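Student: Below are the chains, spelled out letter by letter.
Number of protein chains: 4
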Amino acid sequence: MSLAGKKTLGVAMVGYAFMGAAHSQAWRTVHRAFDVPVVPEMKVLYGRTRDAAEAAAGKLGWAQAGTDWREVLGRDDVDIVDICTPGDTHAEIAIAALAAGKHVLCEKPLANTVQEAEEMVAAARAARERGVRAMVGFNYRRTPALALARDMIAAGRLGRIAHVRAQYLQDWIVDPEFPLVWRLRKESAGSGALGDIGAHIIDLTQFVTGQRLTGVSALTETFVKERPLPSAATGLSGTGSTEKGAVTVDDAALFFGRLDGGGLASFEATRFATGRKNAMRIEVNGSTGSLAFDFEFMNELHFYDGTEPAAEAGFRRILVTEPDHPYIGAWWPPGHGLGYEHTFTHEIRDFLLAVESGTDPAPSFEDGLGIQRVLAAVQDSAESRSLWVDIPLT
Amino acid sequence: MSLAGKKTLGVAMVGYAFMGAAHSQAWRTVHRAFDVPVVPEMKVLYGRTRDAAEAAAGKLGWAQAGTDWREVLGRDDVDIVDICTPGDTHAEIAIAALAAGKHVLCEKPLANTVQEAEEMVAAARAARERGVRAMVGFNYRRTPALALARDMIAAGRLGRIAHVRAQYLQDWIVDPEFPLVWRLRKESAGSGALGDIGAHIIDLTQFVTGQRLTGVSALTETFVKERPLPSAATGLSGTGSTEKGAVTVDDAALFFGRLDGGGLASFEATRFATGRKNAMRIEVNGSTGSLAFDFEFMNELHFYDGTEPAAEAGFRRILVTEPDHPYIGAWWPPGHGLGYEHTFTHEIRDFLLAVESGTDPAPSFEDGLGIQRVLAAVQDSAESRSLWVDIPLT
Amino acid sequence: MSLAGKKTLGVAMVGYAFMGAAHSQAWRTVHRAFDVPVVPEMKVLYGRTRDAAEAAAGKLGWAQAGTDWREVLGRDDVDIVDICTPGDTHAEIAIAALAAGKHVLCEKPLANTVQEAEEMVAAARAARERGVRAMVGFNYRRTPALALARDMIAAGRLGRIAHVRAQYLQDWIVDPEFPLVWRLRKESAGSGALGDIGAHIIDLTQFVTGQRLTGVSALTETFVKERPLPSAATGLSGTGSTEKGAVTVDDAALFFGRLDGGGLASFEATRFATGRKNAMRIEVNGSTGSLAFDFEFMNELHFYDGTEPAAEAGFRRILVTEPDHPYIGAWWPPGHGLGYEHTFTHEIRDFLLAVESGTDPAPSFEDGLGIQRVLAAVQDSAESRSLWVDIPLT
Amino acid sequence: MSLAGKKTLGVAMVGYAFMGAAHSQAWRTVHRAFDVPVVPEMKVLYGRTRDAAEAAAGKLGWAQAGTDWREVLGRDDVDIVDICTPGDTHAEIAIAALAAGKHVLCEKPLANTVQEAEEMVAAARAARERGVRAMVGFNYRRTPALALARDMIAAGRLGRIAHVRAQYLQDWIVDPEFPLVWRLRKESAGSGALGDIGAHIIDLTQFVTGQRLTGVSALTETFVKERPLPSAATGLSGTGSTEKGAVTVDDAALFFGRLDGGGLASFEATRFATGRKNAMRIEVNGSTGSLAFDFEFMNELHFYDGTEPAAEAGFRRILVTEPDHPYIGAWWPPGHGLGYEHTFTHEIRDFLLAVESGTDPAPSFEDGLGIQRVLAAVQDSAESRSLWVDIPLT
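Protein chains in written order, with full-length UniProt numbering: chain A, 1 to 394; chain B, 1 to 394; chain C, 1 to 394; chain D, 1 to 394.
A portion of the hints provided could be inaccurate.
To be verified - Over 12 Å on every C-beta distance to chain C, these chain A residues come out as not near it, computed from the model:
(1) K59
(2) D175
(3) R183
(4) G210
(5) A376
Unchecked claim - Once the Cα atoms are required to be at most 25 Å apart in a straight line, the calculated SDA-like pairs of lysine to any residue come out as:
(6) D:K59 <-> A:R32
(7) D:K186 <-> D:E243
(8) A:K59 <-> A:V38
(9) D:K244 <-> D:P179
(10) D:K6 <-> A:A52
(11) B:K244 <-> B:E187
(12) A:K225 <-> B:R212
(13) B:K6 <-> B:P37
(14) B:K244 <-> A:R160
(15) D:K225 <-> C:S287
(16) D:K186 <-> D:D88
(17) B:K225 <-> B:V247
(18) B:K59 <-> C:E356
(19) C:K244 <-> C:S287
(20) B:K59 <-> C:T8
(21) A:K59 <-> D:A354
(22) A:K59 <-> D:D324
(23) B:K225 <-> A:T214
(24) B:K6 <-> C:R50
Please keep in mind that the hints were generated in silico from the structure rather than gathered at the bench. Remember, predicted model here, so these are calculated numbers, not experimental data. Note that beta-carbon positions come from the ideal geometry of N, C-alpha and C, so glycine has one too.
Next comes chain A alone, as it looks inside the complex (with noise of 0.2 Å):
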């Protein structure tokens, strides 16, 4: 299937840290494994100094550097903004693209505060009435193993659902000498574990089970209170590394909740589980089976089928590496699985069919609003002696 002749959007990314190289990759790569309608043409990145921004740019095959992103909201040939930024601008970014008629995608979580949020959407629903899509980047949704759980459970192999068990597992912090980095203050992140990792299972919990959260209990602590300031990048005065600032977010969040379907589900987002590098699982269990899955061997989906004869069932691994798993089609032969990057292709190849197609990509702001609704209510109840506290559904 040839390119040729395929329309083309203009792309702009805003930031080009992690996630910038991880969404680069995706927009580089979605038409070359899939047959999109559309072919992403990567126009402008933009970042805050010039220099890093034309590295970047170079390396990550955009056409151009900028350092105002505001300068895209002018621009014909640019159809889409990419938002890789930290949490705190992601509001003012993503609503003035969207009245610019920018279809948007915005990283998780939504922004730093369900005000924000509650703006957001606003916007991408005023967009939505001129055609504009808006999505949320919650790439975990677009691991094959997991849509493949969510198509299972909306088929009702799993039954009425009793439990969700969900953790989000890592220890890069463990070390009190680990500096003081923007994901560590929360005028920059908001919270701590709970939004940065805890945000990824309460959306995959809700994605997954097709239900909603209707109140938590919860608690959250902080088990290194002050760590080094980290080091200026450049500058004459040295890096400061011996002075010493307060960590203003949460190390770790545990809570637990109850699903509109009846089913209770656990939780737990913690940077301090020693020897836990990337360990986001969920386990479901229902009337007549259970699944269970952990990022760190990503290409597995563990099966528990209680239908089958007591003597034969067992949890069994399919390694979601087949042609007819969600996303697969499009790679590799069985058994040669897929990594991390590829959540983000599969996440990009959604939202130009969305777009194309001129329908609602999936998660919506207002997806991301109910996840900030949820953080809420996790930091509510942890300041009030893990009271529950109630979750508004609409």
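Got chain A; can you put chains B, C and D on it based on the hints?
Tutor: Chains B, C and D alone, transformed into the frame defined by chain A:
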């Protein structure tokens, strides 16, 4: 090493169902495998009905059968009373036996209420003054892998503990037609998943870490509110199995708490985790390492040594079958695993060693009371919209 | 079910080391766990030295000890002789015991040579005419997971078998200073890894598939050619442990062969697989499914059902602890695993059932001879530059 | 690091099917992820038919398409020829391209016969004199976990190697109705499972251990002797799929051999291992440690450190996603795994580094010839009743 000339101790057992069979296997085996200083003599088994008690005594290897356990109080040939009945009878039997100068091994949970447990502790303290010993049977402590975990943590291999993640997952009552057995009635069992299996993971958390829970927040649920009454085993009036009765205990209990060393612990006990048969799991994350265990793989302990270079670090599966491992020297060569029943043989070995050496066995009735207080706090919190409940440590 | 009034059979055991301890545990337990029609009475244990034999008898639960096994031939109170000695004495003891009308359970391998095995088969056939039974102790067949594997293959769940992949990996003599024990001397052990552990995977391959090996090609190796002589346990002349002696058996044996159903089988038996403690593994691939097993995880059987839709197929871990699984009904609830020693309890249960019902137990001495012929063919091929050696099936 | 001003090298690719797609992804990505000294320019793709070649070129990112690969010999803008065709055309293309001064990357196996491979080696040697480089594409060497395994063995972590256990298990032709594609015909593929996947595990064994095979004994089998002819892709007379043709290659190959360091190695390559999708496995046992790998879990390496105390030793799962691991620094944070395609990106990165630095890339054509000789020895032995065949090392 011959048994000839060794001192013997007479043993009586009350109850002969699941726990009775497991304990009998241990009483028959302990001196065959271990070099214990005393040899148990299985004198008498007590049950409610003569025929059943006699059949059980013959099958399980007890010299006699009886129907009135009070008879044991006056028997000089019985030194030890082993209580394997449901929780509502523990206090009466244990207190009487201790008063009569019998050493007591009592199945867990110690009692159905904090008040009963306090009375049992008082009886055990009085007995201790007279050299009479009391122990509560949290057998899982004697799983070699868990004894090893305790030793490794005590030796400082994990550093400062940030997280405990404990689960006890079963699925034997997922079917709503499963009958209303005694374990599902508050008057006999005290609580449901909470006291039956939740008690084990509370004990293990405290045993393995050497720390105590200082407070909890909890959520419980009874998914199936009514179940068929069990058929009458004998008698005129038939089975009645089409009638239903109310389930008066929890099907699942979720809670989290704080440890007195500053860490967080999360717990989940459920009988609704389809496909999980006896998944008693515990993971401990410390500043320099982690340990993970699942009873479905009882001969394995997973250890992450955070002091290794990052390029070579990883969770290692320690096959806990080496002569250097706790209890293993008595058994088979490396790689020849043990089973569930061995936990009881180890428990009774430790009990006999304590009795003979005149020291207090662990877990003591005080330990059992401590767990009872955690169970009560969990229930209090669950009844108060998950509000935090502090646990008195004395 | 009471044991009262049940018929009893007297048992004598020859040898009391590793196998003797394991068999004793089984003789003590079999009627306590299973509803066997006869109750074994542990009459007498024979060893080479009086003190050791008496200590062992006391410890292991035998009523008497003796030093001359020939004495058993005239004892009317002994019905069964259980042979747990090294392989070089099997033939003499078994033939004499069968001639004296004793049922015989003989440890594997049946003998050290094909000729001895043939003589034992002749004795067993003659005894069979008189209602006297003989069985060779390939205990691993009685692992519930492997009995289940056999049942599933016999039921056609795997279709036509293409591959068997069998390994028995240990590491207990990797250290070149490990002494020259009897298992490392040809005159006592017959062969090394080949006969000791290779025999088990040959038996399992044939047992599980129901097929026979028709020929093999082989390679053997002795990595450590000389080892320290073992210290004299007692006596004047001291230990001699600085002297070395030649290792006269293989450390490792690799071979592959053809099955009479058209499939291929590969085998590896070694004591030099560092880190593998008792990894007796077998995988069977058929046209419609596969099974995999590893004794280090003895309570699990992995099954791939190739008839499922590709999107849901996967190797499933069957936890072989359900009441419907072979042998499990006698034991504990689901998820409460068994250990190594249970394989012997199951073996003796099946032996008693056969003896009492007047049928032939399996594996028979003929089966043991068949395995001896495979072992001999392996050695022949290994000595002939791996040239293929056919195996007579009669 | 900007790409601006970097030297570029023009690349041509011959073939565009499975390997062509994987290589294209790598050519597009290598300079985006790695800081390579030269930037590849994807000039032209050659295929047999114009339409298909043009569609593939557009999809995969090549600037042009052509149908006659010989055209490349005269193109000054092409510096590298990447050969992704079936094995029967490798020799002709590679020899011509090298003669024309093009660096060559040739897919494995190097050729279909030893003689072709020898001619290719001669061409590579002549080209090397002129600074022209040749590499054979055993991509799996560039799996980070396997590169780590090689490094650990080279550093002496395993001591003296006793065993290699290598398997490559797939199941894609278990169905006898699977058609007679080119990989099942000797004239195009040279051999079956042996050359296609067996070649990989031979290379890995030698790569990881740094040792060479000195001889082998082998057994091969074709389970399904006839298969339906593939439908004609185009043409008047229809598909012909009801006709059958003879399968002229092996379905499975088993062999074992000796390494020049004194160890033993066993191999199994099959396409009939139901449920195993791409289980390329290797385990190495040395005197002080062991390593194990399975490509179905490509981000993990299992390491047993035999120098640890027995009570704490165990196979550890190293998640090979740390910045210190081979190739990983270019990618994502710990725990964010890579996929199959990354092996090619790493391969091409190493190829570009070698080309630019004027050193010889590995594996060389000489390495490819060495593997060809092992493949030939396997076939010889299999045709001679498994008789041992020595392998010349020169």
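Student: Hint by hint, say whether it matches the structure.
Tutor: Evaluated hints:
1. K59: holds (38 Å)
2. D175: Check passes; 30 Å lies beyond 12 Å.
3. R183: holds (36 Å)
4. G210: holds (19 Å)
5. A376: holds (38 Å)
6. D:K59 <-> A:R32: Holds. D:K59 to A:R32 sits at ~5 Å (cutoff 25 Å).
7. D:K186 <-> D:E243: At roughly 19 Å apart (the allowed maximum being 25 Å), D:E243 and D:K186 satisfy the hint.
8. A:K59 <-> A:V38: holds (24 Å)
9. D:K244 <-> D:P179: Holds. D:K244 to D:P179 sits at ~9 Å (cutoff 25 Å).
10. D:K6 <-> A:A52: holds (17 Å)
11. B:K244 <-> B:E187: Within the cut-off at roughly 17 Å; holds.
12. A:K225 <-> B:R212: holds (23 Å)
13. B:K6 <-> B:P37: The given pair, whose Cα atoms are some 7 Å apart, holds under the 25 Å limit.
14. B:K244 <-> A:R160: This hinted pair holds, its Cα atoms lying about 22 Å apart.
15. D:K225 <-> C:S287: holds (15 Å)
16. D:K186 <-> D:D88: With Cα atoms ~9 Å apart, D:K186 and D:D88 stay inside 25 Å; holds.
17. B:K225 <-> B:V247: holds (5 Å)
18. B:K59 <-> C:E356: holds (19 Å)
19. C:K244 <-> C:S287: It is violated: about 52 Å lies between the C-alpha atoms, which goes past 25 Å.
20. B:K59 <-> C:T8: The hint holds at about 14 Å.
21. A:K59 <-> D:A354: Holds: A:K59 and D:A354 sit about 21 Å apart, inside 25 Å.
22. A:K59 <-> D:D324: holds (22 Å)
23. B:K225 <-> A:T214: holds (21 Å)
24. B:K6 <-> C:R50: Cα-Cα ~20 Å, so holds.
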